[in-house]
Amino acid sequence: MRCSAGWVAAVVVLACASAAAQGPTYNLGRAATEEELNPAGAAIGLDGQGLPPGSGTAAEGALLYVARGCSQCHGPTGVEGPGPHLVGERGSGNAEYDAFYEGGNWQGRGIRNFMFATQIWSWINQGMPLNQQGFLTADEVYALTAYLLHRNGIIEEDDVLDAASLPQVRMPGRGTFAYTPDHPAYSEWKPDMPRTRTR
Amino acid sequence: MHKDKTATRRQLLKGGGAALVGLAAGAGSAGAQSLRTATPEGLARELMAYGRRSRFVETGRITLDNKVNMQMHGDPNGFDALTPLGEQMGIITPAPLHFISSHGDPPPDIDPAKHRLMIYGMVERPLVFTLDELKRLPSVSRIHFIECLANSPRPGKERTLEQNHGLIGCSEWTGVPLSLLLKEAGVKPGARWVVGESLGRTQQARSFPIAKALMDDTLVAYGQNGEPVQPHNGYPLRLVVPGFEGKFQLKWLRSVKVTEQPYVTYWEHGSFTRRERTPLGSYWEQGPKSVITCPAGGQRLPDRGHHTIVGFAWSGAGAVSRVEVSTDGGRSWQDAEIGPALPMAMTRFKLPWNWDGGEAVLQSRCTDERGQVQPTPEEYGAFWGEYAAPHNNVIQPWRVTSVGRVVNAL
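Chains as they are written, first to last, in our numbering: chain A, -1 to 197; chain B, -15 to 394.
Since the hints were derived computationally from the structure, they do not count as laboratory data.
Ideal placement from N, C-alpha and C gives every residue a C-beta, glycine not left out.
Please note: incorrect hints may appear among the correct ones.
Part of the chain B face toward chain A, derived, beta carbon under 8 Å [said to hold, decoys possible]:
hint	residue
1	Leu111
2	Leu115
3	Arg185
Computed footprint of chain A on chain B; a stretch qualifies when at least three of its residues, placed anywhere within it, have a C-beta under 8 Å from a C-beta of chain A [claimed, not checked]:
hint	segment
4	276 to 289
5	302 to 315
Listed below are the simulated DSS-like cross-link pairs for lysine-lysine, each with C-alpha atoms no more than 27 Å apart in a straight line [to be verified]:
hint	chain 1	residue 1	chain 2	residue 2
6	B	Lys98	B	Lys167
7	B	Lys98	B	Lys231
8	B	Lys172	B	Lys119
9	B	Lys119	A	Lys188
10	B	Lys119	B	Lys98
11	B	Lys167	B	Lys231
12	B	Lys172	A	Lys188
13	B	Lys119	B	Lys167
14	A	Lys188	B	Lys167
For reference, chain A alone in the conformation it holds in the complex (with noise of 0.2 Å):
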């Protein structure tokens, strides 16, 4: 009987902990607004979650190369530097920065190897211009997206990039890996695992 109010006792304590959950105890901050909840330069996820909208093609990110400075840091058709080869297999041609970059990423093994579209969007989008990250529009970063994409073979010039489109692409350097939220490389932290040996 005892155990019994025990057992009814912390369900109830259980229960309580629940609702608490659910609803906010201090009701401090105000609900964000729809514009605030797509910021500009946001992350987006792998599969194109948050991406927004907007489109552009290779034709049109042909000329934002070259009006928008890329070309300036990665030369007039992607390979002559100095910053990193964005056509070809390998990275920028500086023995030193590819002796760091070995095997690791795609600056060492080129823009093929990126294993999602998504990514290329995400690295333009937030990563470029260098020091001048926030500059491009979404359609600007599609459209160049669109362009890296061409220029490595993976996509033909006139097909058109969106948040529907850019996520089914699919990247020769993804090889067999497959997306799944048990993977591994996602799951892999537990609070008690072990970073070292034991003893």
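On the provided structure of chain A, position chain B as indicated by the hints.
Same frame as chain A, now just chain B:
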């Protein structure tokens, strides 16, 4: 307590000894008392509002040139500087000396009255907080280290203590637990990740498991060492994710988004991930790790005789439980005195040592409360399947040469 008293007495004895030597030296010296000159009254009054260290103290962050930035970050326009670890006197790194690794971001000039923090994504109520509102919420103050994932000892005789270990600092952070803000917003079922987003020029953002965000130790911090977070450290808000790689501890925090999957941002692929073919990967927790900061690479022992080996140990998994020191290249180990040993905080250790003037190799080895032991390079490679330069927490040996020069023996 008793040990502290002993240490104090020892220092006094040491000081007294120096004074006696001074007396013996006679004319021309200050004798038993120091010379005293007046601070100009104007300056003295000026310093009453906000103090400044003595003009004789010149310790500063060690700034990195652009070539190093390029090597470390592929970023030719870095704002990066090392903590002068060899000069740090306790577990708190003064905020003006805390390392900086901002990847090209000069600190934005943020008006706190206009700054907002948004909690959005997979939540019932996307919320926007002012700083004043955040300060009205229950807050905590906790001492935690922040260490850059690139803080890794590298071989090279001339590499100094700071070059090998200077991308770490430890502060008392004051702020609101992120878990509290997430509960206010109401996390929806199915949420597994959070993405922090920064207001810096490079628009940095990082994803980490919501399990960490809900552990109550992750903070949205507005205070550092008792005053507002400094601009280079994230003013007015910094995400503090205790024990995790520094890359997660976003400065100039503008929002936290709750998501089902990790987002992939500029800074989450490229050179910042594990060198395997995944679009995103992290080592998450730093350490366990320790380093002797005196005597250490780049320093010189003035004389043989009594020295105190001092250093710091830390672990992203919790508190440091033990630090062992070897003065013979790892053949034998002695337990060093440690404390205070706070979870995910720099922990000071010390051990008396008599230098006989011969060559010696000094090193330290940390064990944390989970029983994890700081590895040798061989053990590190065996555990991770590679010997990577970033995320490296191997034992750091320093060689003391017969003339008292201390060099990197890794």
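We went through each hint and held it up to the structure:
1. Leu111: holds, 4 Å
2. Leu115: violated, 11 Å
3. Arg185: It holds, given that the least Cβ distance between Arg185 (chain B) and chain A is near 6 Å, below 8 Å.
4. 276 to 289: violated (count 0)
5. 302 to 315: It is violated, with 0 qualifying residues against the three required.
6. B:Lys98 to B:Lys167: Since the Cα atoms of Lys98 (chain B) and Lys167 (chain B) sit roughly 24 Å apart, the hinted pair holds (cutoff 27 Å).
7. B:Lys98 to B:Lys231: holds, 26 Å
8. B:Lys172 to B:Lys119: holds, 25 Å
9. B:Lys119 to A:Lys188: Violated - the C-alpha atoms of Lys188 (chain A) and Lys119 (chain B) are around 31 Å apart, more than 27 Å.
10. B:Lys119 to B:Lys98: holds, 15 Å
11. B:Lys167 to B:Lys231: holds, 24 Å
12. B:Lys172 to A:Lys188: The hint holds at about 21 Å.
13. B:Lys119 to B:Lys167: holds, 17 Å
14. A:Lys188 to B:Lys167: holds, 21 Å
Taken one by one, the earlier hints fail for this structure at numbers 2, 4, 5, 9, listed in ascending order.
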